[in-house]
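*Asks:* As given, the protein sequences belong to chains A, B and C, one line each in that order.
Quick note on my numbering: the first sequence kicks off at 1 and runs consecutively.
Quick note on my numbering: the second sequence kicks off at 1 and runs consecutively.
Quick note on my numbering: the third sequence kicks off at 1 and runs consecutively.
Please note that a few of the clues may not be correct.
Calculated lysine to aspartate or glutamate pairs in the EDC-like style (CA-CA distance at most 20 Å, straight line) [as the list claims (entries may be wrong)]:
1. Lys-93/C - Glu-41/A
2. Lys-201/A - Asp-267/B
3. Lys-261/A - Glu-34/C
4. Lys-28/B - Glu-254/A
5. Lys-175/A - Asp-140/C
6. Lys-229/B - Glu-254/A
Among the chain B residues that face chain A by a calculated CB cut under 7 Å, a handful are [what the hints assert, rightly or not]:
7. Leu-18
8. Val-120
9. Asn-122
10. Ser-233
11. Gly-235
12. Ala-272
In short, the hints are calculated from the structure, not lab data.
What you are looking at is a predicted structure, and each value in this text was computed from that prediction instead of being measured.
Using N, Cα and C, we set each Cβ at its ideal position, and we do this for glycine too.
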Amino acid sequence: MIDELKIKARELLKNKQVDLIIGYQRASDGVLAMPCFVDREEDVDKLIWDVYCVYNLANYLKDYAGQKIGIIAKPCDVRSIVVLLQENQLRRENVYIIGVECSGVIDEKRLRLGAKDIQESATFGVKCKSCKSSTPSICDYLFKDKEKKGKISEDKDEYESVRKLEVRSSLERLKFWEEEFSRCIRCYACRQVCPMCYCPKCVADQAMPAWFSKGANLKGNLSWNLIRAIHLGGRCIDCGECERVCPVGIPLRELNKKIEKDIKELFKYEAGANVEQKPLLASFDKDDPGDWIK
Amino acid sequence: MIQKIVTKEELYKLLNYLLQDFEVIGPKELTNRGIFYETIKNPQDLYLGEGFTTEPVKKLFLNPSEWFFKCQYKDSKNSLEEIALTKTKRIIIGVRPCETKGLELLDKVYNSEYKDEFYVNNRNRTVIIGLSCAKPDRNCFCTSMGGSNVESQGTDAILFDRDGKFILEIITDKGKEILGSIGNEPSEEEKKHWQQDKEKRKDLVKTKIKAPEDLDKVFEDPYWEQVSKSCLSCGICTFLCPTCHCFDLVDEQRRRLRCYDGCAFVDFTLQASGENPRPTKKERYRQRVFHKFDYFKKNFGENLCVGCGRCIRYCPVKIDISEIVDKAPV
Amino acid sequence: MKENKEDREPKIVGFLCNWCSYAGADLAGTSRIEYPPNIRIIRVPCSGRVNPLFVLKCLMDGADGVLISGCHIGDCHYSEGNFYARRRFAILKRLLEYLGIDSRRFQMSWVSASEGDKWSKLIKELVQEIKQAGPNKSNDKKHD
Chain A
1 MIDELKIKAR ELLKNKQVDL IIGYQRASDG VLAMPCFVDR EEDVDKLIWD
51 VYCVYNLANY LKDYAGQKIG IIAKPCDVRS IVVLLQENQL RRENVYIIGV
101 ECSGVIDEKR LRLGAKDIQE SATFGVKCKS CKSSTPSICD YLFKDKEKKG
151 KISEDKDEYE SVRKLEVRSS LERLKFWEEE FSRCIRCYAC RQVCPMCYCP
201 KCVADQAMPA WFSKGANLKG NLSWNLIRAI HLGGRCIDCG ECERVCPVGI
251 PLRELNKKIE KDIKELFKYE AGANVEQKPL LASFDKDDPG DWIK
Chain B
1 MIQKIVTKEE LYKLLNYLLQ DFEVIGPKEL TNRGIFYETI KNPQDLYLGE
51 GFTTEPVKKL FLNPSEWFFK CQYKDSKNSL EEIALTKTKR IIIGVRPCET
101 KGLELLDKVY NSEYKDEFYV NNRNRTVIIG LSCAKPDRNC FCTSMGGSNV
151 ESQGTDAILF DRDGKFILEI ITDKGKEILG SIGNEPSEEE KKHWQQDKEK
201 RKDLVKTKIK APEDLDKVFE DPYWEQVSKS CLSCGICTFL CPTCHCFDLV
251 DEQRRRLRCY DGCAFVDFTL QASGENPRPT KKERYRQRVF HKFDYFKKNF
301 GENLCVGCGR CIRYCPVKID ISEIVDKAPV
Chain C
1 MKENKEDREP KIVGFLCNWC SYAGADLAGT SRIEYPPNIR IIRVPCSGRV
51 NPLFVLKCLM DGADGVLISG CHIGDCHYSE GNFYARRRFA ILKRLLEYLG
101 IDSRRFQMSW VSASEGDKWS KLIKELVQEI KQAGPNKSND KKHD
């Protein structure tokens, strides 16, 4: 499969269809992957594709605005490209999506947390367990999975953990989140790794007005994590990158999933599903629920 | 130096006793979250295994959110109120040698010519009991940075776990004061065995790198752009580094705050005029490498890196500083 | 002595749209309809102008409650501002609840320029509800 990918990449670069291909290469440890930027035909051989290719490369597209980019994208990554297209952050003709059929990637976080060996940690990421499709919704070229493993989804209720938290008492929930957020070190990796976080100036970096404390204290941390989640309302496509990179292990997906669940219930909206659809918060319906308003 | 053999029970008993007078801080494992330094109420909660804490012990000396003073406006008068220094005596147990080596490097900045009162206070009120590394992982390269995974390197005492017991080496008087009473003297044979073990453990650090003598020659090399391409500009590598010490001063709600700053951030050196001398990832990543392996060396004669591997282990995109420094085109 | 919840006067921040709710509150005043003085009003052009950050900052800095009030659906001076607000804050309200922040502290209402009565009744109810929710503890939180 990888040979096919390399041939395609070489062809794209040769025909000047793209200026740059963003893909994966082997990291220094010889096992994991890391992002790879190929702009010359001779570098194409660096490209790899396997279960270690966890990163959502759509995040790099904002670095190359205006250029023609070929990007290797899993089905979940493609959803974030869809949102970027919906929000006019990207021109469709500028991005050549090399879609890959994906049957799940490893749980990199668990590996980092000290799973004994690679084999043990090669369980799939939590996001993969509720994956809905192993084939990208849009792409210019599709690499089929020859082994036809299909999606690894366990067809479980994807909001199970959200529901579990919802039924706990208000005080318990506050305690839970305060404990989690108190560890936040405000490294902003969750923001930097998110393809949807493209504000030229993040509210967290603003000094005038300063919306919340810059220091890693509980109040500032609560505000930051809450506002990050709110800003992703209707835009988060659950690529799970924020939770994966969080060095202190805050379960950020529980926040994202909660909003995802709410907007499904309230507005029947699903992020990253359709390029033609208007973004959730830039549109409205006359019959949106308003019974909670006095 | 005093060497002793201590059982786990003896150690816990002592810690229980010390809890009356000291705040005891040590690594604690949180399921699916990692290992963190936390105040220990019960010594059984301590994690003294092979894993590494996510955050380095630096956090307990350079508070990530330090309030300097607060201002008040009362009865048409302005007043400044200094924030009192915490005086509680504390014991930090389970600290890896590389982390305390980091503290020794921070001492050069915060506790030599210039004395930072918060940092110095934290140093003075703390006794550090180290824990030797029995299982360095592939990201560790402490031995290449002039350090060691088994020597004390600035701890007051250091523990080595061996056959379900601990070998305790007491280095300083501070350490002797609190730990002097426990354990038994090892026999000569045991001491010899232990010395051999130590050598073996040192060899477990497999990653070897060579930091270039003079990086300055390659300041303008396109290499830096190449290696920083995938950098996300997040603060993980700097915040989790045992030696990174850049900070930011912010005035918030009539209070002055010192918090961490990191050279990876887009607004690291952004000036009020809008000018930024380090506008792209390339300059910012180069700054990180140069501060560690060039500027600091020129100022203080040592690399500002202890090889703990945290920035590699936790990098969201697996940028490997050891490899980058090793392969720098000098 | 334990503080009696009912005794403490809560502080509420109100973001009122210029065209309806602000005029409605004004009408309540000029018509001498009484309502509790617990609300501090901030006038905004439209309920659609309000950013979730405003609400968050109020709650984090110790306000006991936040109210956003705008024109009735269909009456927005800018045609559709309140439609956007309705969507945006439905999400926020649920998220606050999820985080364990009492959702009574954050409320929204539609009050037109002619509804001085409604405004007065609304504030009376709101103050009662927020008294029940108790004082906002965010300022007691460790801020270091």
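*Asks:* For every hint, state whether the structure bears it out.
*Replies:* We went through each hint and held it up to the structure:
Taken as a hint, the Lys-93/C and Glu-41/A pair is broken in the structure, with Cα atoms around 52 Å apart against an allowance of 20 Å. Taking the CA atoms of Lys-201/A and Asp-267/B, the gap is near 10 Å; set against the 20 Å cutoff, the hint holds. Between Lys-261/A and Glu-34/C the CA atoms are separated by roughly 42 Å; this puts the pair beyond 20 Å, and the hint is violated. For the given pair, Lys-28/B sits about 23 Å from Glu-254/A by alpha-carbon distance, which is inconsistent with the 20 Å threshold.
Only pairs whose Cα atoms come within 20 Å are accepted, and Lys-175/A paired with Asp-140/C is accepted, the gap being roughly 14 Å. For the given pair, Lys-229/B sits about 31 Å from Glu-254/A by alpha-carbon distance, which is inconsistent with the 20 Å threshold. Here the hint on Leu-18/B is broken, as its CB sits about 25 Å from the closest CB of chain A, past 7 Å. A hinted interface residue such as Val-120/B counts as satisfied when its beta carbon comes closer than 7 Å to some beta carbon of chain A; here the least separation is about 21 Å, so the hint is violated.
The interface hint given for Asn-122/B is violated, since its Cβ lies 16 Å from the closest Cβ of chain A, which is over the 7 Å cut-off. Given hint, Ser-233/B at the interface with chain A, holds; its Cβ is 5 Å from that chain's nearest Cβ, closer than 7 Å. A least Cβ separation of about 4 Å between Gly-235/B and chain A falls short of the 7 Å threshold, and the interface hint therefore holds. At a threshold of 7 Å, the smallest CB-CB gap from Ala-272/B to chain A is about 10 Å, leaving the interface hint violated.
Going down the numbered hints, you'll see the structure goes against 1, 3, 4, 6, 7, 8, 9 and 12, while the others check out.
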